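Chains as they are written, first to last, in the numbering used here: chain A, 4 to 654; chain C, 4 to 654; chain V, 4 to 654.
Everything labelled a hint here was simulated from the structure, so no lab data went into it.
Careful: at least some of the hints might be erroneous.
The list treats identical chains as one, so a pair stands whether inside a single copy or across any two.
Said to hold, decoys possible - The list that follows gives simulated cross-link-like pairs (lysine-lysine, DSSO-like), each with its CA atoms no further than 27 Å apart:
hint : residue 1 : residue 2
1    : K150      : K324
2    : K64       : K142
3    : K250      : K543
4    : K77       : K64
5    : K555      : K440
6    : K580      : K5
7    : K64       : K150
8    : K64       : K149
9    : K360      : K386
10   : K386      : K324
11   : K396      : K324
Quick caveat: nothing in here was measured; it's all calculated off a predicted structure.
Single-letter residue listing:
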Amino acid sequence: MKLAGCNEASIGIFAWSTIEPAEDAYDFDWLDTIMNKLAENGVYAMLATPSGARPPWLAEKYPEVLRTNSRREKELYGNRHNHCFSSPIYREKTQKINRLLAERYKNHPALIMWHISNEYSGDCHCSLCQENFRNWLRKKYDNDIKKLNTEWWTGFWSHIYTDWSQIQSPSPLGDSCVHGMVLDWKRFVTTQTIDFFKNEIVPIREVTPNIPVTTNFMCEYGIEDLDYFAFAKEVDVVSWDSYPQWKGDSSDANFATNIAFGHDMYRSMKHGKPFLLMESTPSVVNWYGINRPKRPSVHLLSSLQAIAHGADSVQYFQWRKGRGASEKFHGAVVGHDGSENTRTFRDVVSVGSALSKLDEVVGTAIDAKVGLIFDWENRMALKEMQGLRNNYKDYVEVCTNHYRSFWKCGIAVEVIDETFDFSIYNLLVAPMLYMLKPGVAQRIEEFVEAGGTFVATYWSGIVNENDLCFLGGFPGPLRKTLGIWSEEIDCLYDNMTNNVKTESTNGLGLKTDYTAKIFCDLIHTETAKPLATFDSDFYKGQPALTVNHLGKGKAYYICFNSEQEFLDDFYTAITKKLGLGNKLGVHLPDGVSISTRTGEQGNFHFVMNFTDVEKIVCLEKAYFDMLLGAEVEGCITLSGFGITVLKETIG
Amino acid sequence: MKLAGCNEASIGIFAWSTIEPAEDAYDFDWLDTIMNKLAENGVYAMLATPSGARPPWLAEKYPEVLRTNSRREKELYGNRHNHCFSSPIYREKTQKINRLLAERYKNHPALIMWHISNEYSGDCHCSLCQENFRNWLRKKYDNDIKKLNTEWWTGFWSHIYTDWSQIQSPSPLGDSCVHGMVLDWKRFVTTQTIDFFKNEIVPIREVTPNIPVTTNFMCEYGIEDLDYFAFAKEVDVVSWDSYPQWKGDSSDANFATNIAFGHDMYRSMKHGKPFLLMESTPSVVNWYGINRPKRPSVHLLSSLQAIAHGADSVQYFQWRKGRGASEKFHGAVVGHDGSENTRTFRDVVSVGSALSKLDEVVGTAIDAKVGLIFDWENRMALKEMQGLRNNYKDYVEVCTNHYRSFWKCGIAVEVIDETFDFSIYNLLVAPMLYMLKPGVAQRIEEFVEAGGTFVATYWSGIVNENDLCFLGGFPGPLRKTLGIWSEEIDCLYDNMTNNVKTESTNGLGLKTDYTAKIFCDLIHTETAKPLATFDSDFYKGQPALTVNHLGKGKAYYICFNSEQEFLDDFYTAITKKLGLGNKLGVHLPDGVSISTRTGEQGNFHFVMNFTDVEKIVCLEKAYFDMLLGAEVEGCITLSGFGITVLKETIG
Amino acid sequence: MKLAGCNEASIGIFAWSTIEPAEDAYDFDWLDTIMNKLAENGVYAMLATPSGARPPWLAEKYPEVLRTNSRREKELYGNRHNHCFSSPIYREKTQKINRLLAERYKNHPALIMWHISNEYSGDCHCSLCQENFRNWLRKKYDNDIKKLNTEWWTGFWSHIYTDWSQIQSPSPLGDSCVHGMVLDWKRFVTTQTIDFFKNEIVPIREVTPNIPVTTNFMCEYGIEDLDYFAFAKEVDVVSWDSYPQWKGDSSDANFATNIAFGHDMYRSMKHGKPFLLMESTPSVVNWYGINRPKRPSVHLLSSLQAIAHGADSVQYFQWRKGRGASEKFHGAVVGHDGSENTRTFRDVVSVGSALSKLDEVVGTAIDAKVGLIFDWENRMALKEMQGLRNNYKDYVEVCTNHYRSFWKCGIAVEVIDETFDFSIYNLLVAPMLYMLKPGVAQRIEEFVEAGGTFVATYWSGIVNENDLCFLGGFPGPLRKTLGIWSEEIDCLYDNMTNNVKTESTNGLGLKTDYTAKIFCDLIHTETAKPLATFDSDFYKGQPALTVNHLGKGKAYYICFNSEQEFLDDFYTAITKKLGLGNKLGVHLPDGVSISTRTGEQGNFHFVMNFTDVEKIVCLEKAYFDMLLGAEVEGCITLSGFGITVLKETIG
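If we strip away everything but chain A, and leave its shape as in the complex, we get (with noise of 0.2 Å):
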């Protein structure tokens, strides 16, 4: 580890079998040596609580902690989320397990941060759990089933309750398709999953309440079915784990946005506090279809991107490769073989080197003035949704098209939810907001009034947030604010296009003309002026793109998917028009995205070539190469796939 740079790791993940081989009965002595080892030679632990898997012994002697899944088959032994979050048993096991670690460790030198459970995920539909889901229900429709019924919209199909006991988790023996069902099952499955965190960090919390927490998130955009956005708020700090498919070549240069997208929407979970990376690859995984290892420099870039967007950690999941089972050929820093003489090696220490040299980064925050909301609630409820195109509803897509126009800019964003504060933004992005939950409409309207630019696309403003739609005109109570009425919305079949024909007063200096495909709205304005209109089919001269002035601010409303081409250009025009742009001042080579961290020392601007070709950047004035470790000035040149730190010290 000192040779590799490592100073903290995660332990004891899954390793409740180990601590107790049998009920009541413990052996902490391993742990022990591990936790002094580590403490000797100055390394933390990340401690983890072992409940993402559960010894054999505790599902034999209680199959209740087992989950049934949706199928109401009772599962067997085996996996790792594979319990019941609402078993009383699993609970009582979990809350004594982690007090008993928490005792032992808490005035360790090495302990750190708890890291809870792993990876959160997955639901059960046994007894327990539907009794928990009905008291849910009685609970949010203030024990009247006739307000379920009504949000629900149960009289289609006739499927109106008379009583709480009639009501089951959805099924596909049963209902699947009552979105209003759905939708608050899979609330539910959020508020019982962090329900159990919760009755894990008890313990923690009363012994160790100065040792913050985290668990670990999943992937870039998240795990849909889990609103990460609410679980964020129980958790001291962020943490998530990121294994990008890099894959050498040229197309990771689109591919960086997405993750780009994660660590901004994660850094914006805690509004802005640095996050940590907390597991990732230095070489293969082991699950994707094609497993390639990272291509050289491909690590430490991977690794500086995390910190360039508000990590102030890199963790690798893992740090040596086990012998049998499932993950071992899961890329780790030490190998099968044992040595530090590999490619794989060397690369983990250019990271530890390099984070060496960028101590004065921690800390620090990074300044957005765009938000982008990328509302999870929205995201399950598009998911679901019966109508338009059932077999294209990206969401995440189109969120990220959006996204990546500033990415491309070096403009600093935070991905948000319906529930931020907007007023802090200069610019409010709101890709298709088909759901609106009580006060958006109007916190969006009072945010553009007060000046504020805000941006929305078509399927905006369609229903409540139980799946309802608006009645008397959509987008709904979006319609003041955009100046807007969509009739009805044309789905493109593949290959399909409709063009768009700019206005010649604009005004945001959009070319001639840009290709509309998937959807195209049939709007009419009503306080809104055109800017753009469809060029063909019986809707040709209708509009394609508007603004509505309102108080102080504007609101734009893009009636069509367009390719990114359109949407860099829209924001382009956008952000000049509000001042903004990367702090660095220059103009980025394609592939190339700059992020900003700024403290008390200064800014610190990462430079980051995502391609596998030289770039050049010209800089305004002279920086410290932080990495170089010496001045630099004039135009730096990029190596593939190359990254550059350069401190401005401010004042």
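Assemble the complex: chain A is given as a structure, and chains C and V must be docked to it using the hints.
Showing chains C and V alone in chain A's frame:
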């Protein structure tokens, strides 16, 4: 509704939980109000029985009403048709509520027809259904299990049953390829569904003997596992739900044939009596992969196509979009905006207006001299069959291709099954008549002997009604009529073709060469004469098309799966010989079809352009254009997706 | 049968419900009749035991005989192999009926061999099987659950078992990727299947000790989950069912290798003893996606290919097509027409006639100096492995590609597993030898030291017999023999390639450039010498092909997945060095292969043309053409799909 020109509404579908919110507690007030309002405004009601979905309380109290699926899993409450048609409780409950409805509204001025349940479908594998299946088998096989063993060929794989109790319905956990069993199960499901329907209408018939009864069938080809020809015998009026996926481009011309096929099939089920278009959408549906709104003109054309082929009404699902649940984005006359100022509403008005000009058409018939056999049990058997090309056995597509040749010429066709009287036709077409039920071959022979023209294809006369192969040479009992022996059949791989060379003396004016694909039947002529031969492969020179003269008629045999071109040329020649053509006596440009309804007042020619470009049709004489309200003559122009209805007074 | 030249028939397969129509009530009369008729007409019987499918009454009375699937669902009565191999009742019942058959026909003149059951396959997860699995594990791991924990690496994911009762078979509802467990389960299934077979033959061996026993294996590569090499040890004669999907076009030449591989594998299982072709079709099968009848000549060629590779018989499924059930359209000698005047029947006659001219070939052997390791457990392990390219781990394809290079030259190969004696070969080829069972590496080392030539590829020497990785550097225990260390492995995306540049001193006469795809192993030579290097990417210049000299032998290591061209050139060079070639000593045109059987009377060269065009082979001397019945010399012409059998008298 008045604005929209609607004078009839289907109501009460899925209303059970509203009518009977708790067991034996009823609320008819809301329904009274609607019925009265309709009557007051001159709108008729097609009143539905509510058995299409049950209230939660019913499933909770009587779990037996829910289905058991083929894996023997008990379904949970949910969805629509998810009730056991065998359940005594469910039968009792549906009878009871139907009786109450009938008693309450028997003299109501709005009541014009009964809409029984909704889109019957599916099957149940519970122990009650198993027992009913066994009883059905006992009856079919004269209580002699040896007969069943013979017909199911159970000696194969050691399946000889010795007791009826050993028999279970087909299942992925048991048998699924004992073809006799699978066929009998599907027949049983049809019988059981109809039996449930008959049970439902007992009180209806008693209380309102003069009100006609219908139930809505689905899809242009029906649903494969429920024999609609059998079901049609039990209703007073056939009605169906048609949701064509018009694309608004040049592919619609080809696709329109499928819908025309459906209309002709449903009309033929009641021997040509007018049917009803029970459901159609005024704009989009919400369950295709891509749901495109109807382009301008398409709604009127699509609606009047039904009338053209024999419907006496056009109805919509749904009047108004619901706010929630799974069909909230399905098209409706009135959208979430609640406005009549929409393109969709105006389209509905245009249909109402057109229909008001076509009153004379009501009750008229279609004079068809061509019968096309599309036999439901043959289709079920072909689907289950293992052999030839398991991934291509599309009986439906082949029947449609044959049908298309007539549609292109505007020649009326009846789509019938094997049980119909063939003697009323001049031409009988039976593609892939794999299964010959008892007496059918004899009746075909008599048809030909009496002067009829019969057309058969490869893979005909293979099995009896229980899927047992005929011995002694294919096409089995049709061998004499067709005058050939089919020795084996070649299956071509995709993209492979053979060439078919016609004899110069073919007498049909066919071209020299056509393309064969997918199947080439290797036959020997006996009494038949070859009209064309295969031109390559080891069967070069063997017959590809034959004709057999028998009595006063002719029987053609097509040995290959052909492209549309061959069928068009072949049927053009055949119909010419028989003096059949469209009733307008005109040449039809591509994509334009004609359907003619005939009554005492004359002929009503519906000339329909299913392309998106203008088409010209040159008339032989003057006609009255009913939509225009003026006389027309000479060459008339149909705009893209345009339709003209020409009245021709007879005598 | 006489017309067809058939002198042997398999009978009684699936006859249980006919022999024992009710429990303990037997009817052998029909079987007596058949046996007697066969004997009277000089036809031998291969008499089957009926355990391949059970009568309905047996499953009804003893439900335990039916299987439980991996989801723990109890199967229903149906299908063929759907019985639990652990069931005491089923074992008792099969023994009992087998004893009756043996007693009745032990002295029958027709009886020539026992055909035990039919195509054994599948597994059962009932509680009896769970208990047997646990007992099997206890025995394997010396009743020490700690050993099991170590080998299964259960510490990962907290899976440490403390009691055997906690262990359950793999399931989608439980564990499916604990690789040691999955492998052991598959081994257990093999053991249990063989144990069932052994139980079946107890009475057979007792009553008819001199009648040989076989059971029919399936497919050219066997079925993945049942280790046929292990099973083959228990039968007297190996037999298999071969249903090649000949297409009748140029692709057959490549495809023929797969079938040849199968013949060679089944022959090798009993160390080169002649095997039987138990089932083949005279025309079509009915279960491929597209079932094409055999083109002219193909049936004779396909049948004699089996003889060429060591079979001593050719048999058909089925004699006559059944009228019903799932295989009624499977090819047969006699079709539904019942006639002998068919192309198919004439094809069968041609095979009977050819075989009658090849009596001398019976009992002769094939002299092979090349051993190719195709290890069943290695294959199971590679399939389950998670890593590299999860969507491409086709061990079978890679082994076939290596095999094809020898087939093209007409060089005899034995296809063996890791347990065989390697010392009898000059050349040992072991593609992707991922798993090395105990002692195998040592035996390979000895083979090389003693002068053998060994060829290995990337991804060899990775795990032990329980899928635990070797530590200290790959290829683990083969590192010394191969003289290299494999540090990591690059997985190329589809359509990506690298170029391999050979050293001018490669000594194999290889071309300058070859293409690498899919995998590139990044190795370091230790004692080996590079013969070629990669030409691009970050590992440009690293070895792509190496040779290591050890003792009197050589060991080659191929670092990349190659196209056929490289393998052909490489093995041509290697076999040339070793003096190996086809026994006819001729150059073979593309698509033509030779297999030579050798006996006391001389060599029998089967020269086979698997293309649809004529091929010319020029002989070095005169031979006796056994099918023609005449001497031939000089250049002979093989018609499309033609075959010649040349006898060469030795000495």
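Against the structure, the hints come out as follows:
1. K150 with K324: between (54 Å within a copy, 20 Å between copies)
2. K64 with K142: For K64 and K142, the Cα distance is within 27 Å only across copies (25 Å; inside one copy 34 Å).
3. K250 with K543: Answer is between; shortest inter-copy Cα gap is 18 Å, intra-copy 42 Å.
4. K77 with K64: both (15 Å within a copy, 25 Å between copies)
5. K555 with K440: Within one copy, since 24 Å is at most 27 Å while 77 Å is not.
6. K580 with K5: For K580 and K5, the Cα distance exceeds 27 Å both inside one copy (50 Å) and across copies (52 Å).
7. K64 with K150: between (42 Å within a copy, 23 Å between copies)
8. K64 with K149: between (42 Å within a copy, 20 Å between copies)
9. K360 with K386: Neither. Shortest intra-copy (44 Å) and inter-copy (45 Å) distances fail the 27 Å Cα cut-off.
10. K386 with K324: between (37 Å within a copy, 20 Å between copies)
11. K396 with K324: Cα proximity of K396 and K324: across copies only (21 Å, versus 39 Å in one copy).
Violated hints, in rising order: 6 and 9; the structure is consistent with all others.
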